[in-house]
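Protein chains in written order, with my numbering: chain A, 146 to 291; chain B, -14 to 315.
Hints listed in this document are in silico derivations from the structure and should not be mistaken for laboratory results.
Don't be surprised by glycine CBs; every beta carbon is placed ideally from N, CA and C.
There may be inaccurate statements among the hints.
[Claimed, not checked] Heads up, simulated SDA-like pairs for lysine to any residue below, C-alpha to C-alpha not over 25 Å straight-line:
(1) A:Lys215 x A:Ser261
(2) A:Lys172 x B:Tyr117
(3) B:Lys250 x B:Val184
(4) A:Lys277 x B:Lys250
(5) A:Lys208 x A:Ser236
(6) A:Lys218 x B:Asp124
(7) A:Lys178 x B:Asp124
(8) B:Lys94 x B:Leu78
(9) B:Lys159 x A:Ser261
(10) A:Lys178 x B:Tyr117
[Said to hold, decoys possible] If you want the ones that stay clear, here's a sample from chain B, every Cβ over 12 Å from chain A, calculated:
(11) Ser100
(12) Glu123
(13) Asp127
(14) Asn134
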Amino acid sequence: MDYDDIEILFVEDSADDAILTIRALSKSGFSNKLHHVVDGAAALDYLYCRGIYSGRDQIQFPKLILLDLKMPKVSGIQVLETVKSDARLKSIPVVMLTSSNEGPDIEKCFELGANSYIVKPVDSDNFFNAIKEIGMYWMILSQPAH
Amino acid sequence: MKKTDADELSIANKEIAFQHQEKEDRAAELLIANKELAFQNTEKENRAAELIIANKELAYQNEEKEKRAQELIIANRELKNAEDDIRKLNEELEQKVIDRTAELEAVNKELGSFSYSVSHDLRAPIRAINGYTRILSEDYADKIDEEGNQILRSIISNSKKMGELIDDLLAFSKLGRKQVTLSEVLMSELVQSVRDELVFDEGDNIPVFDVQPLPSAKGDKSLIKQVWINLISNAIKYSRHKPSTKIEIGAYEEGKLAVYYVKDKGAGFDMQYYDKLFGVFQRLHSQEEFEGTGIGLAIVQKIVDRHKGTAWAESVLDEGSSFYFSLPKF
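Just chain A, same shape as in the assembly (with noise of 0.2 Å):
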């Protein structure tokens, strides 16, 4: 699989959200260069051409990086610490996706700086919305930082 034309990586450890997402981005027309890893360890292989990437172009990077929160292993959080402290990762917007709006979750993740924060909705037509306007607004609209 040609892993550097990857133009949104998602990071999604339940299958069903998987799922979902993927659908909802495909129908929006965004799923052509996506990649999907389930939890954070693969996410940061991937960023940092390691383990199964090792033959991945280490200068391309996508242009969205949709991650799930709540993961075994490697948290969301700590993928987001370590792409937003690494001054060649920093750059590319991170929209973080959870099940919920409880917990300190939030605020931490802005503080370390996350571009968008997303609480993934129950009504199915809430979802494909959110998910439709976050590819919209990050693929589209939005200027990338470089």
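Starting from the structure of chain A, add chain B where the hints point.
Frame of chain A, contents of chain B only:
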């Protein structure tokens, strides 16, 4: 005998007689003095007897005082014991308060993480049910007959509803744990902003608002705002089926409290079910008539309670409702 001798004798006799007289006088005086002495002696004896009695009395009193001192020592000791007991009880009580506070904090923390799990772990599967059913009804509609499609729509609306219930329950449980920060709340401004947020489209059923000047209250602005949002949006919702209708918002003062009210001329409710009105997830109207989860008034009451105020209501079915809440004046 010579005359001289006789004279001398006579003189001597006289002298003797005089001396004798003197002695007799002296004896009489001595007698009187003796009597006086005897009297004084008697007096002294009487006095001595009195002193003995007085001494006895003193001795008795001393004894009594010693007894009393003994008793006082005992009483003091008892008092000291009682004081020690009280100090010990106080210390135990303080320890109990510390323990109980720690327990409560632990329970609160547990509740917090429970809420987190509820919101996180329950929302996810419901989102999946809702999402997959939507996929079925969108992508496989032609392979499923009309009844099947109707069932899919029911699953979608029910799972959506369950999501709303979870969110409401969380919002409600959060209220109990939220810190209440008191400051002056400018009610007229607050009500104005809430009204502007709620009435954004000028539909046919938007009621006329009659808002009177409102005194400031002492409260947590974000929480009090939630009270107004819930009461005013309820007033709008339950006025929906009335063609042209009015919502009146005002206040009056009652001692140290300000009482605020929202009166509508909407659907109202039967006072017979008043005890259910402020209950969690209690509803007095069907979902078809007026949508809602039944958390709004429970939230109102909880917030007002946390401000040491009271929330209550009056209503006549089909004629309208009046909701009141009191808060400490600023």
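Hint by hint, here is what the structure shows:
1. Pair hint Lys215 (chain A) plus Ser261 (chain A) holds up; C-alpha atoms about 16 Å apart against a cutoff of 25 Å.
2. Between Lys172 (chain A) and Tyr117 (chain B), the direct Cα distance comes to roughly 15 Å. Compliance with the 25 Å bound is thereby established for this hinted pair.
3. Taking the CA atoms of Lys250 (chain B) and Val184 (chain B), the gap is about 17 Å. The hint holds against a cut of 25 Å.
4. For the hint pairing Lys277 (chain A) with Lys250 (chain B), the CA-to-CA distance comes to about 42 Å; that exceeds 25 Å, so the pair is violated.
5. Restraint check: the Cα-Cα separation between Lys208 (chain A) and Ser236 (chain A) comes to about 9 Å, which is no more than 25 Å; the hinted pair holds.
6. Under the criterion of a C-alpha separation no larger than 25 Å, the hint pairing Lys218 (chain A) with Asp124 (chain B) is inconsistent with the structure, at around 35 Å.
7. About 23 Å separates the Cα atoms of Lys178 (chain A) and Asp124 (chain B), which keeps this hinted pair within 25 Å; it holds.
8. Of the supplied pair hints, the one linking Lys94 (chain B) and Leu78 (chain B) holds, its CA atoms being roughly 24 Å apart against a limit of 25 Å.
9. Proposed proximity of Lys159 (chain B) and Ser261 (chain A) is supported: the alpha carbons are some 24 Å apart, at most 25 Å.
10. Our distance criterion of 25 Å between C-alpha atoms is met by Lys178 (chain A) and Tyr117 (chain B), whose separation comes to about 24 Å.
11. Listed as outside the interface, Ser100 (chain B) is inconsistent with that label: its C-beta sits roughly 6 Å from the nearest C-beta of chain A, within the 12 Å cut-off.
12. Interface exclusion of Glu123 (chain B) from chain A breaks down, the closest Cβ pair being 9 Å apart, not more than 12 Å.
13. For Asp127 (chain B), the requirement that its beta carbon stay farther than 12 Å from each beta carbon of chain A is met, with the minimum near 18 Å.
14. Listed as a non-interface residue, Asn134 (chain B) keeps its Cβ farther than 12 Å from every Cβ of chain A; the least gap is roughly 15 Å.
Checked against the numbered hints given earlier, this structure breaks hints 4, 6, 11 and 12; the rest are met.
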